[in-house]
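Novice: Sequence:
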Amino acid sequence: MLAFLGLPGGSEWIIILFIAVLIFGRRLPDIARSLGKSITEFKKGIKEAESEVRKSPEDTVAKSDDSAKPEPPRG
Numbered sequence: 001m002l003a004f005l006g007l008p009g010g011s012e013w014i015i016i017l018f019i020a021v022l023i024f025g026r027r028l029p030d031i032a033r034s035l036g037k038s039i040t041e042f043k044k045g046i047k048e049a050e051s052e053v054r055k056s057p058e059d060t061v062a063k064s065d066d067s068a069k070p071e072p073p074r075g
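Counting from 1, one number per residue, gives the positions in the sequence shown under the numbering used here.
Hints are computed from structural coordinates only; laboratory data are not their basis. Worth double-checking, as some hints may not be accurate.
Stated by the list, open to error - Here are the simulated PhoX-like cross-link-like pairs (lysine-lysine), alpha carbons at most 25 Å apart as the crow flies: (1) Lys55 x Lys43; (2) Lys37 x Lys47; (3) Lys55 x Lys44.
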């Protein structure tokens, strides 16, 4: 449908970059800093999730054994 538009070429990217610098010029360092912090937090979250997944099965079984067991039926 929009195939005739295509991707921007080299000179078009330069124009887009120039406009972005004009719009965000003074805020670029803050934007870059917050982007870096966001990436760092994302990587920490991924590492924590991987460590949760890689926990040994014994840890999971030990936790489930500590739960209260139901009383046997009386009869």
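Novice: Which numbered hints are broken by the structure, listed smallest first?
Specialist: none
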